[in-house]
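J.: Residues per chain, in single letters:
Protein chains: 2
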Amino acid sequence: MKKSVIVGQSGGPTAVINGSLYGVAAEALKKNDQFDHVYGMVNGIEGFLNNQVLDLAKIQESGELELVKTTPGAFLGSCRFKLPEDLNDQVFPQLFQKFEEMNIGYFFYIGGNDSMDTVSKLSRYAAKTGSDVRVLGLPKTIDNDLVLTDHTPGFASAAKYVAATVREIAIDASVYDNKKSVTIVEIMGRHAGWLAAASVLARKFENDNPVLIYLPEVAFDPDEFIEKVKTAMETTPNLVVCISEGINDGNGTFVCELASDVGVDNFGHKMLTGSGKYLENLVKEKLGVKVRSVELNVSQRCSSSCLSGTDLTEAINSGAFGVNAALAGETGKMIAFTRTSDAPYTLECTLQDVNEICNKEKTVPLEWIINDGSDISEEFITYARPLIQGQVDVPMKDGLPNFAYR
Amino acid sequence: MKKSVIVGQSGGPTAVINGSLYGVAAEALKKNDQFDHVYGMVNGIEGFLNNQVLDLAKIQESGELELVKTTPGAFLGSCRFKLPEDLNDQVFPQLFQKFEEMNIGYFFYIGGNDSMDTVSKLSRYAAKTGSDVRVLGLPKTIDNDLVLTDHTPGFASAAKYVAATVREIAIDASVYDNKKSVTIVEIMGRHAGWLAAASVLARKFENDNPVLIYLPEVAFDPDEFIEKVKTAMETTPNLVVCISEGINDGNGTFVCELASDVGVDNFGHKMLTGSGKYLENLVKEKLGVKVRSVELNVSQRCSSSCLSGTDLTEAINSGAFGVNAALAGETGKMIAFTRTSDAPYTLECTLQDVNEICNKEKTVPLEWIINDGSDISEEFITYARPLIQGQVDVPMKDGLPNFAYR
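Chains as they are written, first to last, in our numbering: chain E, 166 to 571; chain R, 166 to 571.
Errors might be hidden in some of the hints.
Heads up, the list lumps identical chains together, so a pair's fine if it works in one copy or across two of them.
Result set (DMTMM-like, lysine to aspartate or glutamate): computed pairs, CA atoms no more than 20 angstroms apart in a straight line [said to hold, decoys possible]:
no., residue 1, residue 2
1, 369, 563
2, 293, 450
3, 344, 211
4, 442, 422
Calculated directly from the structure, the hints in this document are not laboratory data.
On a predicted model such as this, the values are computed, not experimentally measured, just so you know.
Please model the complete structure; the sequences and the hints are all you need to start from.
T.: This is how it looks when you write it as structure tokens:
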């Protein structure tokens with residue numbers, strides 16, 4: 166008997182999380198001789214528990230699925246729902262009973278670290294109970310912090326957005342080039358500095374901005390920072406400094422915490438804001454120059470204007486690969502990327518044990534962080550440059566990007 | 166004897182201020198039978214006083230001029246230099262002596278209000294002293310606040326950036342659509358709310374975001390605001406509110422001043438920051454829902470990814486029109502836009518007395534601001550929609566926009 170597919174999205178959105186969804190949906194709908202229905206769960210596992218599902222064949226028939234491909238955010242809606250650690254918890258039989266009622270044989274979850282935790286638990290529960298539901302994870306995070314994969318879908322488009330925007334901000338900051346100024350750009354990244362590191366791609370010539378780049382992987386010292394800024398302004402009077410939101414003193418205190426209290430989200434992560442603002446005030450006080458801070462904010466993960474063609478293609482491919490892996494009997498795996506060459510850039514999809522991925526964090530290699538923690542090495546550039554190649558023509562209507570809505 | 170042309174840029178940059186520069190340069194260089202040299206002044210009138218000029222023919226020969234067209238920022242560099250009110254000041258003969266030494270017969274200044282003040286003073290000084298140097302202004306400001314012109318180059322690309330970005334932020338904010346949230350987007354505009362008003366273009370369906378839009382033209386009442394937010398969340402649980410940075414109490418106190426002290430720039434303008442942050446804290450305190458504020462910041466004026474094709478074409482045309490107007494003997498004028506039809510949208514360049522423009526400010530008509538100052542009327546949409554039409558393919562290199570550098 167043909168089984169149905171269900172796919173869900175979880176965690177923070179990216180510019181290509183819907184590309185992965187499109188990849189799963191289009192491939193599964195194409196193979197309708199092998200599958201019964203192709204469902205999307207609305208608001209992830211949390212919505213699924215409340216019976217919120219939709220039929221993706223209908224989305225395809227209406228023509229919306231093509232728009233989904235280049236729509237930012239999570240078309241299906243997302244959630245931040247952590248399954249209990251205890252596999253004896255009642256939520257597990259509840260979920261698997263729903264799978265049975267809906268004839269679901271294939272479960273795909275698109276997300277980051279916490280979502281892979283869900284994939285891990287569901288696949289372990291399936292193994293424990295002898296269920297034949299196959300559970301696969303599709304990576305997604307702008308943070309690029311998943312292990313066992315060259316990179317994660319979503320990172321490249323965010324990196325392209327960061328690099329392009331920092332280049333524009335540097336140009337904007339230099340229009341009064343007879344004056345001195347400092348611009349501090351705060352980039353997403355709590356514990357892993359991949360995205361802030363991508364700002365190095367904005368540089369076009371020697372001493373071009375951003376001259377200084379700080380990541381959370383290396384302890385941040387405010388006094389050394391001020392000295393570096395002072396020196397850098399001698400060659401680049403309109404200085405742009407890029408920082409990860411998560412820069413910290415190396416002992417667990419975030420720079421923004423030096424200024425104000427912060428809350429925690431429901432995974433216990435600290436909610437950050439304001440490291441850029443803190444440094445803005447510090448530069449003003451210590452150096453007395455014109456200074457501004459810019460927080461790139463959510464556009465890093467939801468801008469469709471800087472979609473990387475490479476990223477979108479890989480996201481779609483990972484979805485299609487996942488469907489075929491599930492058909493081949495795979496479960497408890499994440500679809501990962503293995504780079505086979507830098508130049509020309511080539512990549513293949515592989516399968517990795519999701520239990521080895523969830524709840525781990527891949528940070529930027531320390532040897533790629535140079536100049537006392539204030540710069541990024543050529544190795545990173547070799548790694549990241551291929552990822553931001555290629556443009557995507559987002560469908561336009563009335564002068565604005567035309568997105569899909571449920 | 167053929168005379169030379171000089172062109173400068175002043176004030177804050179826009180995404181198409183270099184389009185206007187391109188228009189002047191390309192047209193003047195094309196008509197090399199009528200002109201001697203075509204110079205650019207570096208850092209506006211301030212740099213010119215320090216003999217900082219460059220030969221735009223060389224920029225064209227190197228192929229860079231084509232890149233200038235789609236480069237944000239001010240290619241020539243900008244300044245914020247206000248000429249003295251007293252035409253007897255020694256700076257005027259100093260400037261005109263330089264014009265004579267360089268055989269300059271045509272002076273173009275691309276800028277906003279304060280730059281038109283420079284054009285006014287120079288043309289009045291020329292008239293007073295019998296100089297035949299022709300002085301023309303080319304409008305430029307994302308604020309769209311110049312009188313006697315339908316709109317200003319730069320506004321449309323900024324409006325397109327705002328509308329597209331707000332649409333993306335709204336999608337991003339709605340991924341957890343089973344939860345309630347408020348997102349406050351702070352948009353540039355001190356006294357004129359044109360750019361914040363443009364966020365209305367992001368709406369695609371009934372109750373779509375941004376549901377609430379606040380401009381500086383109408384007095385802002387925090388209590389009424391909280392009531393509106395509460396009501397709006399009943400139909401749009403993930404609410405996006407757009408505000409001008411300059412929203413105020415109607416008696417000259419900016420909302421952000423309710424929270425903190427502010428400085429002034431060297432034209433005596435108040436330097437604003439933080440109205441969005443202030444309202445974020447207010448919503449948190451009064452309504453206890455998840456709330457975030459996003460400051461769109463300098464990308465509004467320097468993003469090349471959302472260039473309006475209409476805007477860029479009009480900027481280039483205004484430059485070319487200016488060159489021909491100067492040849493025809495015009496001086497003391499600003500190149501303005503007169504709309505001849507909304508549908509189909511048609512526009513022509515006209516000349517307006519710069520003395521009637523400088524130091525005046527055009528705000529959004531009060532009848533276009535509806536629902537007790539919390540929304541924008543259909544008339545504004547009819548006005549603004551044609552301006553954001555058309556895409557621009559920015560030259561790319563290594564996956565990033567390829568800009569021109571001096």
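J.: Against each hint, give a clear statement of whether it holds in the structure.
T.: Taking the hints in turn, this is what the structure says about them:
In this assembly of identical chains, residue 369 and residue 563 lie within 20 angstroms of each other by CA distance solely across copies; the values are 10 angstroms between and 35 angstroms within a copy. For the identical chains of this complex, residue 293 and residue 450 are neighbours neither inside a copy (61 angstroms) nor across copies (47 angstroms), given an alpha-carbon limit of 20 angstroms. Proximity of residue 344 to residue 211 under the C-alpha cut-off of 20 angstroms is restricted to the inter-copy arrangement: shortest distance 12 angstroms between copies versus 54 angstroms within a copy. When the C-alpha separation of residue 442 and residue 422 is checked against a cutoff of 20 angstroms, the pair qualifies both within a copy, at 11 angstroms, and between copies, at 17 angstroms.
When the structure is compared with the earlier hints, a violation turns up for hint 2 alone.
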